[in-house]
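Here the structure of chain A is known, so what remains is to put chain B in place on it, guided by the hints.
Given next are the chains, with one letter for each unit.
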Amino acid sequence: MTSTLDAAAVRADFPLLDRTVDGRPLVYLDSAATSQKPRVVIDAEVDFLTRANSAVHRGAHSMAAEATELFEDARTTVAGFVGARPEQLVWTSGATAGINLVAYAIGNATAGRGAPASARFALAPGDELVITESEHHANLIPWQELAARTGTTLKHIPVRDDGTIDTDAAASVISDRTRVVAFPHVSNVLGIVNPVAELVSLARGVGALTLLDACQSAPHLPLDLPALGVDLAVFSGHKMLGPYGVGAVYGRSEVLEALPPFLTGGSMITTVTLDEAKYLPPPQRFEAGTQPVSQAIGLAAAVRYLESVGMEAVHAHETALGERMGDGLRSIPGIRLLGDPSTGPGTGSTGSGAVSAERVALWAFDVEGVHAHDAGQFLDARGIAVRVGHHCAQPLHRRFGVTASVRASAALYNTADEVDTFLEAVSGIRPFFGVS
Amino acid sequence: MSGLEALYQELILDHSKRPHGTGLAADAAATSHQVNPTCGDEITLGVRLDGDRIVEVTWDGVGCSISQASASMLTTLVEEEGGLSRSDATALVDGFRTALRSRGETPLDEETFGDAAALSGVSKYTARVKCAMLAWVAFEDALAKA
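Line by line, the protein sequences are chains A and B.
Sequential numbering of the first sequence, starting at 29, is according to the working numbering.
Sequential numbering of the second sequence, starting at 39, is according to the working numbering.
Here chain A stands alone, though its shape is the one from the complex (with noise of 0.2 Å):
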């Protein structure tokens, strides 16, 4: 089934998008960073707030029960859209917060926590885990610690020049000794949709468990984990048109299970004395104290409206965006894509690139002879808000021998026209810095 976006349409139903930047309209190409939210995810939040607001799987007056229910809804709805069942789905502040605890679970096995059902997690010197060079600091700065306070090793796939990672090497770098690989579904300054079942078959081979980084997929492709075949992922929900505050780990059922906690505290309990406690099977064992229960619910209000639209809609409108923003940066001078696939996968790669990676609609660039903050300023005059910096991810911009660039990211609510004037303004950078 084909169907296609009506982006006026679903401009109207993202408030903020009608306002001005210093009078000009604003044109907000900022969305890996963190996407706008369309008035039925405000709503929601009020709404609970407003009639519902109770503690949820506590108490047991009526109204308690009420947003008890809408709370589990919430967990139904939004573990549907990644094709999970809710069981699997555990309510975390954000991806961050889902992959430390996932680390920090390892970390628990590694020390006897949950023995005997966690021992196939539990490390050991020599044992290694495996990242991508293209890592947001978020799924790197864990596993450092994580190797750090084990004795274990961490070891990282490279990127080749076009931005695919390299599953030659992928090859080498996962061995008899690798016991988790965690990497980015799409990374957020790449863009490209990395070879997930390439990845998940090496990891597979040797026992390792997979982690998957779905922050910058989720709201752009029909996403369907249990398919992937990773073991654990996560997502962020103010990155899909949902709250601040909230996001998830997924997990296959007979790793939730086995896994030991990482926050504890209350309502992960069965019986506590003052020695020992028993806890709940998962998701609530991973959900210790209160939890973000109107960010939930709005995120369910998200991925409704997602839904509504259509995920094949969103991903082939955005496809379009994508490549009508790559084309136009290639064509203006002094602008260098980073990860751009027709540069081929460059020297010292072992294997071909793919030609035409799957993207999303997300670049990032040097504008030569102009830093990427001195770049941003020059759009922000012209209302185009767009991210400078490292984007929290140093090790791939030091592997594309820059510090710092500037990203344009897109989502479902933009426009071409909006792209046409990103692109007029990003011509005039260096014009006006006077390097061209």
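Check the hints yourself; a few may be wrong.
Computed Cβ-Cβ distance ranges for the label pairs, DEER-style [as the list claims (entries may be wrong)]:
no., chain 1, residue 1, chain 2, residue 2, range
1, B, Val93, A, Val463, 44 to 54 Å
2, B, Gly142, A, Pro423, 34 to 44 Å
3, A, Gly293, B, Ala44, 47 to 57 Å
4, A, Gly429, B, His71, 15 to 25 Å
5, A, Val74, B, Leu62, 30 to 40 Å
6, B, Glu143, A, Gly257, 52 to 62 Å
7, A, Glu396, B, Ala44, 22 to 32 Å
8, B, Leu62, A, Gly372, 31 to 41 Å
Per the computed footprint, the stretches of chain A lying under chain B, defined by three or more beta-carbons under 8 Å from a beta-carbon of chain B, are [to be verified]:
no., region
9, 399-412
10, 435-446
Incomplete in silico selection of chain A near chain B, CB under 10 Å [unchecked claim]:
no., residue
11, Asp50
12, Leu54
13, Val416
14, Thr431
15, Ala432
16, Phe460
17, Phe461
18, Gly462
19, Val463
What the hints contain is simulated information worked out from the structure, not anything from laboratory work.
In this text the structure is predicted, and so the values were computed from the model without any measurement.
Cβ atoms here follow ideal geometry from the backbone N, Cα and C, with glycine treated the same way.
Then chain B, alone, in the frame of chain A:
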């Protein structure tokens, strides 16, 4: 574009393209390395002393035009003043910081700050204040160590 042109005055662009003081001197009495964590810009700045007077500032760094120009202007200022006493240097950094944090309320005067007075416009752009401050924070830190 008037706001943008006020921020990026010719003097700033000139300093950023042809910066003064680059090439960290080997005989610096003390150096300081500072990083702007939001963008990864960095500078290593050294001060050379003659007795208790700061007679030279040299630096190496990467960054935006504001941060590069600011480091260059600081170098020029120390040079044009024929060196600075510690107390004058401290007062200078304090004055610069106060002006940059003033959101456009307190301009930098040319008499005291020389070319660096052109950075007054930065104080209206709170996201860029750190860019302009980077070299001055390194200067302050190097002085404290010297």
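With 10 Å as the cut and Cβ atoms as the points, is phenylalanine 460 of chain A at the interface with chain B?
8 Å, holds
Range hint compliance [Cβ, valine 74 of chain A to leucine 62 of chain B, 30 to 40 Å]:
56 Å, violated
Minimum Cβ distance from valine 416 of chain A to chain B below 10 Å?
Holds - the Cβ of valine 416 of chain A comes within 10 Å of chain B, reaching about 7 Å at its closest.
Are three or more residues of the region 435-446 of chain A within 8 Å, CB to CB, of chain B?
Violated: only 0 residues of the region 435-446 of chain A have a Cβ under 8 Å from chain B.
Would the hint on glycine 462 of chain A stand, with a C-beta cut-off of 10 Å toward chain B?
6 Å, holds
Range first: 22 to 32 Å. Now tell me if the beta carbons of glutamate 396 of chain A and alanine 44 of chain B are that far apart.
25 Å, holds
Using a Cβ cutoff of 8 Å, are there at least 3 residues of the region 399-412 of chain A near chain B, or does the coverage claim fail?
holds (count 7)
Outcome for the supplied range 15 to 25 Å, where the beta carbon pair is glycine 429 of chain A and histidine 71 of chain B:
For histidine 71 of chain B against glycine 429 of chain A, whose Cβ atoms are near 21 Å apart, the range 15 to 25 Å holds.
For the restraint on aspartate 50 of chain A, tell me whether the closest CB of chain B is nearer than 10 Å.
Status holds, d = 7 Å.
Could you check the hint for me, namely that valine 93 of chain B and valine 463 of chain A are 44 to 54 Å apart, CB to CB?
Because 34 Å falls outside the window, the suggested range is violated.
Would the stated hint for phenylalanine 461 of chain A survive a check requiring a Cβ distance to chain B of less than 10 Å?
7 Å, holds
Range agreement (Cβ of alanine 44 of chain B with Cβ of glycine 293 of chain A, hint 47 to 57 Å)
With Cβ atoms ~53 Å apart, the hint holds.
Of the numbered hints given earlier, the model fails hints 1, 5, 10, 12; all others are met.
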